[in-house]
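**Q** This is what each chain is made of:
There are 2 protein chains.
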Amino acid sequence: MGLVVQKYGGSSVATAEHIRAVAGRVSRARESGLDLVVTVSAMGKTTDRLLRLAGEVSRDPSPREIDQLLATGEEQSVALLAMALHDRGIPAASLTGPQAGMTVAGRYGSGVITEVRPERIQKLIDGDHVVIVAGFQGMNSLGDVMTLGRGGSDTTAVAISAALGADRCEIYTDVDGIYTADPRIVPEARRIPIISPSEMAEMAWRGAKVMHPRAVELGALYGVEIHVKGSFSEGPGTVITGGDDLERLETRETVAGIVHDLDVARVTLNGIRTGPGTLSRVFAPLAERGISVDVIVESGLKDGKADVAFTVRRGDFAEAREVAEEIAVSLGGKAEGEEKLGKVSVVGTGMLNRPGYAAKMFDTLGEAGIPIRMVSTSEIQVTCVVRAEEVEEAVRRLHGSFELEERDV
Amino acid sequence: MGLVVQKYGGSSVATAEHIRAVAGRVSRARESGLDLVVTVSAMGKTTDRLLRLAGEVSRDPSPREIDQLLATGEEQSVALLAMALHDRGIPAASLTGPQAGMTVAGRYGSGVITEVRPERIQKLIDGDHVVIVAGFQGMNSLGDVMTLGRGGSDTTAVAISAALGADRCEIYTDVDGIYTADPRIVPEARRIPIISPSEMAEMAWRGAKVMHPRAVELGALYGVEIHVKGSFSEGPGTVITGGDDLERLETRETVAGIVHDLDVARVTLNGIRTGPGTLSRVFAPLAERGISVDVIVESGLKDGKADVAFTVRRGDFAEAREVAEEIAVSLGGKAEGEEKLGKVSVVGTGMLNRPGYAAKMFDTLGEAGIPIRMVSTSEIQVTCVVRAEEVEEAVRRLHGSFELEERDV
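Residue numbers (the working numbering), protein chains in the order written: chain C, 1 to 409; chain U, 410 to 818.
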């Protein structure tokens, strides 16, 4: 008998009918002889609705109370899914994150799982139950519920898989796998049958919304084989594995896919005096305010002065620009910014040993007449910041020039 | 500094605007120098909405999962109220029932508070916080959340008042106190300024919806002074007390009020053989199914046979009748029933030492041409079962004949 952990996202449990469909899916897996732990997110737009309510009662809701509030979304889903399984005659029990032994630390709203105490889950499995665990939450050292931040249900599923030594972790979502690019933009995009964790994490960080990057990294760390599948389809999906298949993958693949992100804004400090410690003087105040900075570019020195540009999420743009203005002035410069930008990234482990991929990317965008605002590279990706309105065209061109639609799948 | 426990019902926290209004009320109490613990119910129709969802995913949802599901309603309210207090600059912390140390036992859906471990509440009070506790729930010996059944938020508030030795427990509701009859039916009905716990409990059991009878009894047991007040008004409300004022009350009052209940159906077993143990043979199967029986009347023997009639809630009518049919047949009789009935009760400690109140009640209904189907009496109340359509007229007539509108208030 194998053990499988399944995770269903919010759109998979959006209505009573959806929940009954998930129960059907779980029931079929059980009939095949598997032991099952299922984690679910809150129903559809529940989290957004609760956050809106919070905004209506308070201008600046406390993170602890936000977590108390949001945790209820998943708690409703798990109870409803357990009921739907009972209705099919399947023994099932729902557990909140704290009941399931999910131990978290860190800040409210962005907790990190530090330990899974799987005794209660294991006992229920031994008693032949399907165990339904609320995703996205755990208990901190004060005995309070703490959420893992959005997308955290993926992390819950992978952490439980690791703690129980599950055979695999299945992430069900509204698309049926990972694609070489967003199929809504590139109709020729192909499903990627197998991908390495490092590529998947990079794609997730760079904009692929299918899976949370932290969950991918956790999976890689504990050797959990993750399958990304469609909630409403029966296809094989995408397998994320660092195991035996990886070598084959490394030799066969070059570029895994093109990902993009439209939630990008740029802030630039122009003509600031630089010296040792300048960068930390710029970025420490942003970090203190919890503003994540992504791409950072520093221009070369000119008359002892330099330009420093960085990207943030659009929601952080106004605050980041304000902070930057203050720092820039104190360093003899000034700040400016641009809000409607996007990022396009080419991701693939194959890039590691083959130079020229960055050049090919720049060429492609140049030929398309798309100006590149900023560039960032690492071992397995090249990212270009472009104007938001040009992102889709950039994705299509790159998908073509890297011949992703041609690939033998 | 005094300590007051306040309880706000679902209609008092139905929207974000209502929650902000409650925060205003809590804030004024705090400004008067009080320490405060506040318990709240789920917002408006949340519980009904969740039960509907449960019905959509399962034909027969398990009680444990129903409790997991329903508990989230109160958990949302407490987090939102804490946020609304923060927004006014008031330190506040929300606690779920389990976090607040509410220990319960019994059956899911109708748990009974067995202990309050008030350490965490007390610590927060000592740290100058307003403590917001989710009503209607606690933790059972398995570590699971268990609800107290509908109306249980009142019980939560009274239990916390008892555990903390609060100066008083204020129950805020959508009416501004207890009335001599439902003012929607009897416009001349008067607010009762002070009432004994036994009268209040009797009125609550007999149909007064304002407060849960179990909470009244718990308050009496632990000597908690309860004030029933309007959420949206500033009046003095009704004080429920068994203290120094009681003697004054006993001598002054005769009948406290007229209450009614439209959720009544009757089942009768006709012509059954009776003997020792017959009644338990009739009622044990009903109790096993969780069907509450209220008024019971057994007719005198005739040829060794008797009629046994009892009332149940309308929701239990079909099942109760089915059970009754089976038993009646096995005892040589048959069962019949009537669904649309109501109860009218005259309640008052003054009745204790003064005979004739029952006679006066029967006279009044007789003069009004209202047939009495069943009668039940106890030391402080007389209840008549009549046809549902005649309940309102009965209440008006009784309110007049007992001169409740004339009373010096």
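Just so you know, the hints here were simulated from the structure itself, not pulled from any lab data.
Source: prediction; values computed, not measured.
Be a bit skeptical, because a hint or two may be false.
Derived SDA-like pairs: lysine to any residue, alpha-carbon spacing no greater than 25 Å straight-line [stated by the list, open to error]:
(1) C:K45 to U:L460
(2) U:K749 to U:P694
(3) C:K123 to U:D553
(4) C:K45 to U:E801
(5) C:K45 to C:V112
(6) C:K334 to C:M374
(7) U:K532 to U:R516
(8) U:K454 to C:L51
(9) C:K45 to U:T455
(10) C:K123 to U:R458
(11) C:K123 to U:A571
(12) C:K45 to U:G515
(13) U:K532 to C:E405
(14) U:K532 to C:A105
(15) U:K454 to C:A14
(16) C:K123 to U:K749
(17) U:K454 to C:E17
(18) U:K454 to C:A16
(19) C:K123 to U:M548
(20) U:K618 to U:L460
(21) C:K123 to U:G552
(22) U:K454 to C:R20
(23) C:K45 to C:A16
(24) U:K454 to C:D48
(25) U:K532 to C:L142
(26) U:K454 to C:L331
(27) C:K45 to U:L459
(28) U:K743 to U:G684
(29) U:K532 to C:G106
(30) C:K45 to U:K454
What follows is a set of in silico ranges between Cβ atoms, one per label pair, in the way DEER data are often shown [claimed, not checked]:
(31) U:G644 to C:R52: 28 to 38 Å
(32) C:L221 to U:P694: 25 to 35 Å
(33) U:R497 to C:L221: 43 to 53 Å
To spell it out: a stretch of chain C is covered by chain U in this simulated footprint if at least three of its residues, at any positions, have a beta carbon under 8 Å from a beta carbon of chain U; those stretches are [claimed, not checked]:
(34) 162-170
(35) 361-367
(36) 380-387
C-beta atoms are modelled at their ideal positions from N, C-alpha and C, and glycine is treated no differently.
**Q** For each hint given before, does the structure comply? Return the numbers of the non-compliant ones in rising order.
**A** Violated hints (numbers, rising): 4, 7, 10, 11, 12, 13, 16, 26, 32, 34, 35 and 36; every other hint is consistent with the structure.
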